[in-house]
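There are 2 protein chains.
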Amino acid sequence: MEKLKKYISVKDEDHFYHQGAVELLIFNFLLILTILTIWFFKNHRFRFLHETGGAMLYGLVMGLIIRYVTKSPDVESGTVYECEKLKSGPSTLFVNITNQVYEYQYKREISHHNVNGHQGNAMLQKQMTFDPSIFFNILLPPIIFHAGYSLKKRHFFRNLGSILAYAFLGTAISCIVIGLIMYGFVKAMVHIGQLKEWEFHFTDCLFFGSLISATDPVTVLAIFHELNVDTDLYTLLFGESVLNDAVAIVLTHSISIYSPKENPNAFDAAAFFQSVGNFLGIFAGSFAMGSSYAVVTALLTKFTKLCEFPMLETGLFFLLSWSAFLSAEAAGLTGIVAVLFCGVTQAHYTYNNLSPDSKVRTKQLFEFMNFLAENVIFCYMGLALFTFQNHIFNPLFIFGALVAVFVARASNIYPLSFLLNLGRKQKIPRNFQHMMMFSGLRGAIAFALAIRDTNSQPKQMMFTTALLIVFFTVWVFGGGTTPMLTWLQIRVDVDPDEDLKAKAASQSTSNLDKNTTKAESAWLFRIWYGFDHKYLKPLLTHSGPPLTSTLPEWCNPVARLLTSPSAYGDQLKDDDTVYIINNDELTENCESSAHIPVPTQDSTGSIQATGKEDIQEGDLGLGGYKLQLQHTAGQPQKNSLA
Amino acid sequence: MEKLKKYISVKDEDHFYHQGAVELLIFNFLLILTILTIWFFKNHRFRFLHETGGAMLYGLVMGLIIRYVTKSPDVESGTVYECEKLKSGPSTLFVNITNQVYEYQYKREISHHNVNGHQGNAMLQKQMTFDPSIFFNILLPPIIFHAGYSLKKRHFFRNLGSILAYAFLGTAISCIVIGLIMYGFVKAMVHIGQLKEWEFHFTDCLFFGSLISATDPVTVLAIFHELNVDTDLYTLLFGESVLNDAVAIVLTHSISIYSPKENPNAFDAAAFFQSVGNFLGIFAGSFAMGSSYAVVTALLTKFTKLCEFPMLETGLFFLLSWSAFLSAEAAGLTGIVAVLFCGVTQAHYTYNNLSPDSKVRTKQLFEFMNFLAENVIFCYMGLALFTFQNHIFNPLFIFGALVAVFVARASNIYPLSFLLNLGRKQKIPRNFQHMMMFSGLRGAIAFALAIRDTNSQPKQMMFTTALLIVFFTVWVFGGGTTPMLTWLQIRVDVDPDEDLKAKAASQSTSNLDKNTTKAESAWLFRIWYGFDHKYLKPLLTHSGPPLTSTLPEWCNPVARLLTSPSAYGDQLKDDDTVYIINNDELTENCESSAHIPVPTQDSTGSIQATGKEDIQEGDLGLGGYKLQLQHTAGQPQKNSLA
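Taken in order, these protein sequences are the chains called A and B. The opening residue of the first sequence carries number 1 in my numbering; numbering runs sequentially from there. The opening residue of the second sequence carries number 1 in my numbering; numbering runs sequentially from there.
The shape of chain A in the complex, shown without the other chains (with noise of 0.2 Å):
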């Protein structure tokens, strides 16, 4: 008897892994499908769908065959035991059954209505829907921290304001507007008999509007970086939803945890003020954390010469890196804003302390994880439509989302640009506006977040509703942006020579762009570049002036010991920089000054090796989000040495 015991437990173990291993090898057979139609699409410029939509529906037809098609092997699946011994679900669960002890592990809590009624293998359904936590520590973070690695800090900062404007004040309307008008409509379903009055307050209505505002960068983004489309737009629009999935996690995490002391529906100050404080906290606190890596990083690549070993030192970077999002999250921070500006922070100081070798391995090994993530998500956001067990699918409900979606993208970008046109002598033109509201697309965030708690009936609605959204989006929206860009009249294929040459040749329209960048980039930046310049990069790369003649004369031992020997030979491109910033835009420093052609005294190899880097630096975004360098930057050149 023991024998036959024995042999039942290899059999159902080895049928564990078979079931593990079909599991992977349909997300295998799905992404090799996604690659092979995006080459197909690529050579026949076919651009009516993109890959991510292209992921979606091959998730979609295979979630309906796994639904419809594979057979239901297990007879058990459905039965709920009693245990009246218990008060609530422990995370690990001892039985006896029959005088063995098995181990069982806490999966989630499920409303009743939805223990029965399955329908094909629920088994291969179940387990194509993978735990949550997942997305949140292995898919997201690689998007994310490519977002920031490949962020263009040129583009960027010559628009920070406007970005910064989009992302925090566009998402907090943009989530108000959708909680009071999904109010309304859920008010109206409980008018007419829909919903049950308390099952949903006006604060879940804010967690839905809070989570539907997160913007997608992937799909949009990757059209435009194909199409060349023009280099403004693309900033706008690639830093407004970078900052704003940020911006939309910690909201969201801010209202799951307001929670006002009586009535639910009324307004409580100071839990209102406790989740602003929140908010505040738990942004800035993320954002040391994620910076604090990235310093570690490039102090340890500065002071070890683990540049010798370039297997090290991308091993090292790319767990530093993890780790910065997985201390966020296990120190109750958000991991998405840590490894956004571990990111960047990264791209400034410790790519340039890396040796050539892992310049190229970082960059091409984080660009193969974020294409290799973005796929896996789209891919099961088409695969959960059929095989998630818990949806609630409410049409009045899906078609309020709709709307309000809608209104608070609207509502959103109109006056926002308005505003920032007061202030911006080089306007954001009217076809802009447009193509940013059109621009809004849901996608991986928003599913994340919906997907993370599904316990309660009103998330399980919020879940199906959240991935409807990105479904139609990603779809309409994501296919409709070539015509769209066409229809609008916005400039594509904008040839980066071409446009240098008309640039210099409008060289007093330029000039007026000038003084509006530095406007714009205001006295904090500059303060800000002054501090970077100064201090940061010579202490954290091996660039910049000698921390000794930037420091007071009391530090020198230290200084010193903290300069590196290569940075002396930069003195004079210091000079010169100098000189560019009193000159010229702040921030367009970095890069530009590369392309100086430096007068020459006794400058040896260092500063043309700087100057290299650089360039290296300004070629950092690769894939979808490689930008027109060469034509805006050729524009200081000229300006900075007239």
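Hints in this document: simulated from the structure, not taken from any laboratory. One or more hints might be untrue.
Copies of one chain are not kept apart here, so a pair can be met inside one copy or by any two copies together.
[Stated by the list, open to error] With a straight-line Cα cutoff of 20 Å, these simulated EDC-like cross-link-like pairs (lysine to aspartate or glutamate) come out:
1. Lys534 x Asp232
2. Lys42 x Glu308
3. Lys187 x Glu308
4. Lys305 x Glu226
Position chain B against the provided structure of chain A, taking the given hints into account.
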């Protein structure tokens, strides 16, 4: 009340995410420490402790901390609930607790004696011992694939006969010897009352013998590579340990499904032959599965011109290779064997079709994944000693296993070397044999096979013993590699260029070698090579003679369709190649042809292009597995053109 409940569920959810983050963070921290240690050791040329030993050590210390320093927060752990309604443990359990249904997932069967008496944070300990399926589906494939992808075909085929003998016969000998010795020890333990008769059958002993027979290529070969040890010794050990892993895995599987009808200790001829049949079937099936995926990849990369998009190409390559593993697992075959041969075939065909960018990307990607996976596994092994909850330490069993492992290694290496030396003209010298005996470390595969099944007490005892043997061999033998090489007077710091000159000088001896290798790589491989060169290479890659010239005339329409346009330019080279085949060692041709100064008639770019590819192919091995190619590659040139 509804409010309160929702609030609690959000908190729980958060706790869960943080737990996952903490767990991953601990691994990241260990890996970062390991990387810094590796760098420190490399920088100071310490060789007494290899990186894998270091990783294990850090894991061990972290396990100690988790076990004895952290506090136990979960009071409910250890309580066993009775369930009368169930007959066996279902994969998913729905439990009704205070009117709320919770879903629990099956984790494992545990022994009664392990339920209570945990120390430290049992929750964290449980989380740290991750699912063994992660080993098999995520961590092992990149390591094994990398081994196959970086296999030096030329050196491998030179010593193929010996490698196959060590891997197949040697592993079988090792398995049987260990099984017999362990059975003796088990009988003795039953005699003195340490074990109950029915707990351990002879098949269990054989099972242990097969799992512990898998030798590890990582530690020793990394040291060999660093020291530039004699190439023949390196190849023998590399080939043996890679193939031996595959053999041990299939052997373990065959033994685990070996089921004699009656008395499990009696010999059942039918069941035995069924097991042998299983072994051969699974091995052949896995081989076929792995190669088919590689062939599909080769065809896709050849005919789609995917090489214009290196990232898509790399993605496809990665996904199809992983799918080879998963498909084999899903089909009940052995994924590790499939992915090994997939790697070999990808390197042989697909690699030649890749764009230059993808060649570098795939190499670096797999190298990086291999590096990370290796270190995760070794850290994890260290952790497992203290965090795994079902250890059974039995000193007598452990002592017996250590004795058995050494006796088995000796009865594998020495007799086989003696037999092989009868056939080899270039003998395997005594000191090589001693070094091979010494290099039989146990590592990731033995551990992974042991952790795959820890449901019963005998299996838990085996797991604990296997883990300790890994520790012992990696620390003692891994650390002793460098002194041992010196003591055995094995050539290190072999400078490829110097060696080349030496070999050229002693051309007559070298001619003898040639005959030897010709005899070794027998007629079977000659036929295979001809088939590969005439049909497979032209079909699957852009090089080789056009199929129109090698296939019978009536196949011409199909042949023209399948032949790459660039293959026609190779016809000249083809004639040259045939000459080389007749005059030199078969398998050397593919790499050496690149070095031959072809008398160019109307040869255009295509020849040079192919030549370049071959050189790159020769350089494929990276990191731990890079070989000194040049000196041996130079050898045939002189002969073939003399």
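Okay, the hints, checked on the actual structure:
no.	hint	verdict
1	Lys534 x Asp232	neither (29 Å within a copy, 56 Å between copies)
2	Lys42 x Glu308	between (39 Å within a copy, 10 Å between copies)
3	Lys187 x Glu308	neither (65 Å within a copy, 55 Å between copies)
4	Lys305 x Glu226	between (38 Å within a copy, 19 Å between copies)
Hint violations for this structure: numbers 1 and 3, all remaining hints satisfied.
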